[in-house]
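Peer 1: Please model the entire structure based on the sequences and the hints provided.
Counting in the working numbering, the sequence shown tops out at residue 166, every number present.
Hints should not be assumed to be uniformly reliable.
As the list claims (entries may be wrong) - Distance windows between CB atoms, simulated:
hint	residue 1	residue 2	range
1	A150	P(-3)	34 to 40 Å
2	R134	D46	24 to 30 Å
3	I149	T42	30 to 36 Å
4	E14	P40	41 to 47 Å
Everything labelled a hint here was simulated from the structure, so no lab data went into it.
Quick reminder that beta carbons are idealized off the backbone N, C-alpha and C, glycines included.
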Amino acid sequence: MRFRLVCPPPEPGIRSYETTRVELEQAITTLNARWSAGEWQPVEYIPRSLPFTEVMDHYLAADVFWVTSLADGMNLTVQEYLTAQAASGHAGILVLSRHTGVAQRLGNAAVLTDPCHPQDLVDALHTALTMPPSHRRANTANLIRLLDAAPPSDWARAVIAAIADQAGHPPSPRSRQ
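Peer 2: So, in structure tokens, the structure goes:
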């Protein structure tokens, strides 16, 4: 087992990200130095953007996809992971921060966690790693059903209607189709 951490670089000039990156890399180096065995290291750190085909390879290799955002984010990434898992017949487990927008959509079908509480992260990861294969498959199928529940065209119509309502204008007949 290995923790694979893919961290594309932030936009240039954001100092807080640079400080965080340095601290993260120091922590990974310390952890790997302590727990490595032969060629194996517990954390595989990938500090670069990846081509989409390589991202898909990582999605398919992941038994657990752990999204611990402190604020909304990673929604598309979560959907890509679940779609890749379902399309390939894999049954990876999604551990998802309660703070992401997609957590509202997926409800309790994902293993939800609060990244502000380290023990909750540990407990959620333990749940994911010890989940029986039959439960994993059912969980993945349920998550995919939830993703398919609202087609993007419905979302777009709802947004257009909300904008029109806010402006005091009824939606055009075309937006209701």
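Peer 1: Please list, smallest to largest, the hint numbers that this structure does not respect.
Peer 2: 4
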